[in-house]
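So the sequence lines, in the order shown, correspond to chains F, L and D.
0 is the number of the first residue of the first sequence in numbering that gives the first Met the number 0; add one for each residue after it.
0 is the number of the first residue of the second sequence in numbering that gives the first Met the number 0; add one for each residue after it.
0 is the number of the first residue of the third sequence in numbering that gives the first Met the number 0; add one for each residue after it.
Don't take every hint at face value.
Stretch-level coverage of chain L by chain D, calculated; a stretch enters the list once three of its residues show a Cβ under 8 Å from a Cβ in chain D [to be verified]:
1) 213-224
2) 268-274
Pair ranges (Cβ atoms, derived) [unchecked claim]:
3) G20/D - E209/F: 49 to 55 Å
4) E89/L - A202/F: 55 to 61 Å
5) V136/L - T282/D: 19 to 25 Å
6) T282/D - Y140/L: 29 to 35 Å
7) G115/D - V136/L: 41 to 47 Å
8) T296/D - E89/L: 21 to 27 Å
9) R80/L - T296/D: 14 to 20 Å
10) A123/F - L151/L: 54 to 60 Å
11) Q54/L - S150/D: 29 to 35 Å
12) Q280/L - G164/F: 42 to 48 Å
The set of hints was computed from the structure by calculation and includes no laboratory data.
Positions of the beta carbon are idealized from the N, C-alpha and C atoms, including for glycine.
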Amino acid sequence: MADPLLDVRGIDVFYGDFQALFGVSLRIETGEVVAVIGANGAGKSTLLRSIAGLMHPRRGEIRLAGASITHSPAFEVVRRGVALVPEGRRLFPSLTVEENLLIGAQLKRPGPWTLARVYDLFPALAARRRLPATALSGGQQQMAAIGRALMANPRLLLCDEISLGLAPIVVRDIYAQIPRIVAEGLSLVIVEQDIAQALKAAARAYCLQEGRVALHGATRELTRETISAAYFGV
Amino acid sequence: MTEWLNVVVQGVLTGGLYAMFAVGLSLIFGVMRLVNIAHGDLIVLAAYVSLMVTQALGVDPLTSLVLVVPIMALVGYALQRGLLNFTLGEDLLPPLLVTFGLSVIIQNGLLELFTADSRKLQAGAIEVLTAQLMPGVWVGYLPLVQFAVAILVIAALQVLFYKTALGRAFRATSDDQPVAQLMGLNTRHVFALAMALSLAVVAIAGVFLAVRSNFDPAIGPARLIFGFEAVIIGGLGNMWGTLAGGVILGVAQAIGAELDPGWQLLAGHIAFLVILALRPQGLFPKVSG
Amino acid sequence: MSRVEHASRSSRVGVALAGFGLAALAMAPLWADRATLRLLAEMFTYVALASLWNLLAGYAGLVSVGQQAFVGLGGYLLFALGIQFGVPPLAAVLVAGPVAALVSIPVALLIFRLRGAYFAIGTWVMAEVFRLMASQIAALGGGSGISLPASLVLAMAPTRQWRELEIYWLALALAVAVLVAIFVLLRSRHGLALTAVRDNELAAQSSGIDVRRLKFAVYVLTAFGTAMIGALIFLMKLRISPDTAFSVNDWTAFVIFIVVIGGIGRIEGPIIGTIVFFLLRQTLADLGSLYLMMMGTVAIAVMLAAPKGIWGLIVERLGWQMLPLQRRLVLEPSGKARAR
């Protein structure tokens with residue numbers, strides 16, 4: 000069997016003495032959309048940060064298309080094709096909208112995403128390309144953050160809490176673009192506290208609880224009861 | 000009247016040199032919040048490197064820039080990667096104390112190699128050429144060239160910062176280091192490039208310093224202070240403001256020196272303190288965007 | 000069920016040792032020769048200067064590279080008060096403190112406008128301003144300096160030996176006073192606040208500590224102590240000039256070296272650091288600028304490899320503390336619990 004695109008094998012991740020992840024494993028195939036859900040503090044963001052290379056597991060292994068990226072620094076991981084949309088958007092405030100997008104593309108990975116394609120995906124950004132990133136609304140900032148990650152032409156896109164702090168209608172607009180993004184052949188990991196939105200978009204889901212995988216499976220086979228059991232540990 | 004006009008013109012032209020001391024300092028502060036206490040000593044180091052190059056190759060000091068600039072840039076890159084990157088973090092103390100130690104090392108190293116004797120670089124015929132700006136007001140070619148170079152350096156940095164991919168990388172890294180890494184920027188490399196650029200400017204400043212006046216291993220700290228004062232007078236993060244800051248400092252010193260030779264430096268410091276008291280954000284603070 | 004305790008067993012031993020050492024030093028004129036006494040007195044001034052800088056930078060987070068401003072101010076006050084008003088030197092040393100504290104208030108008002116690392120260079124500018132002003136005062140020798148008039152010196156004591164003993168004991172007393180003052184300050188409520196500021200300024204601020212006022216107070220207090228030591232130093236030298244009085248090498252570079260080597264942010268650090276510094280100086284000072292380069296290199300290496308200095312390593316490895324500064328929560332067995 001061919002290697003999966005992403006293969007996380009039993010990672011333990013620590014913040015100093017505090018252990019945030021306990022033997023977490025996760026597999027993602029090319030072209031898949033996978034949701035990672037769980038309560039606040041369950042370790043979802045830590046998992047994404049570890050995959051992206053901002054943190055490194057003390058034990059276990061992370062492989063991208065068969066090659067280990069366990070200890071690669073973040074700037075190396077994105078070179079291999081993993082882009083993270085960080086929680087809270089975190090656009091660069093001293094850069095314009097367009098400069099934020101351009102800096103996403105600065106590794107010049109070949110692929111379908113260009114400035115024009117991103118503006119086509121999120122027309123609201125095109126009109127505001129010369130504005131400082133701080134002048135955007137929350138939803139537009141989220142679009143720019145996604146666009147910035149896409150500009151790296153990743154094989155795997157990690158989205159951390161896209162809907163956080165946004166109006167439901169804005170969230171719906173952003174999620175409506177996900178099929179167009181996936182259509183370009185990349186895989187997507189969506190981390191959300193807002194379960195409904197994430198499960199609708201994803202084919203498979205992992206549920207984290209206190210740093211461990213409490214449940215995983217195809218989203219259509221997960222029932223409300225099994226999820227809430229895994230979510231809250233009751 | 001024209002006597003005072005002469006004084007002001009000389010001050011303005013010296014201010015260009017101070018602005019060059021300053022932009023290297025504010026550049027690395029902008030990118031990595033590092034205040035390099037050894038900055039002045041590095042300016043003096045560049046002067047000595049130029050001295051060696053001119054002696055070894057028999058070229059004039061301005062031509063020696065072709066070698067001095069890349070040498071200092073390399074020194075900057077190595078210094079950042081090999082030492083200063085390890086001091087960066089939440090705590091202010093390590094970078095300050097390490098660059099302070101560096102300042103002691105450079106000063107005494109130069110003393111060991113070149114003795115405490117005063118040196119000066121000879122630029123040849125250009126040193127004595129003057130032009131009449133208006134009746135009674137004469138300026139030397141060399142100070143004019145130096146001022147023009149200062150403007151060019153600042154303009155070039157401005158373009159680099161706001162129009163190029165490298166400048167984008169500098170600004171992004173300054174904003175948010177972890178996210179900059181997510182964009183594929185190796186922040187250690189970016190910091191080292193910023194330091195290389197800072198020392199490239201230092202090289203130019205050092206050569207002009209050495210051509211305009213005497214230098215010895217101990218004069219570095221005063222150059223650091225002039226650069227720092229120009230940065231604060233002009234307003235943090237504004238490069239043209241820094242040029243204005245340098246000019247104000249230069250003019251204040253020139254007027255002070257005209258009143259009483261002992262007042263030259265004091266007048267500059269007082270101008271700085273007055274502005275700090277009245278307008279602590281500087282005269283031209285960066286408009287936050 | 001619990002109480003806060005400062006002392007640990009090692010710190011009780013430490014206090015006993017410190018008392019013993021102090022007694023031995025106070026009686027040093029009985030066992031040491033003139034040169035040793037002079038060296039010890041110089042060491043005391045460095046212990047005091049380093050402790051004050053440590054309070055400023057290590058606890059209050061005010062990294063100054065301009066404390067020579069107050070060393071020099073103290074020195075010049077000694078000379079000015081003596082030459083202009085005939086104030087006896089020992090009295091002038093004591094007066095230098097409060098005068099410098101007054102001077103430091105407007106200085107602080109100005110340089111506290113500079114943030115973080117730029118504050119450091121601001122302190123340096125101030126020291127330069129002081130130096131340049133001192134060299135403008137013709138009555139005190141201008142740029143070339145001046146000697147303390149023999150009449151003032153001779154009036155201090157009936158014999159030279161007594162004068163030297165007076166200076167020795169004054170140096171010891173001032174160093175002890177500085178250490179005790181810092182110790183008391185750190186044990187007080189303000190000390191706890193300072194430690195909080197050092198650990199996390201933002202959190203300290205939000206828990207109701209007026210960080211700015213606290214730092215301001217520490218700056219003024221440090222100027223007070225530094226100027227007294229400065230006056231004493233130049234009483235020992237008997238001659239002053241702007242360059243020696245406001246020397247960044249002697250009063251800041253060496254002091255920083257001492258604190259970094261000994262252990263920054265620890266009250267014991269400057270003492271250890273001074274001993275190391277003087278050991279090195281006695282053996283290597285002939286090397287001149289090479290010695291200074293070595294010092295800079297060692298300081299950088301310590302800052303990077305063992306940022307808590309020698310004392311920090313000792314505390315970490317052995318769990319020692321000489322002075323009972325740490326607060327420990329002691330849980331008492333419930334049977335012995337007293338009602339509170």
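>> To test your reading of the hints: which numbers does this structure violate?
In response: The structure conflicts with hints 4, 5, 6, 10, 11 and 12, although it agrees with all the remaining ones.
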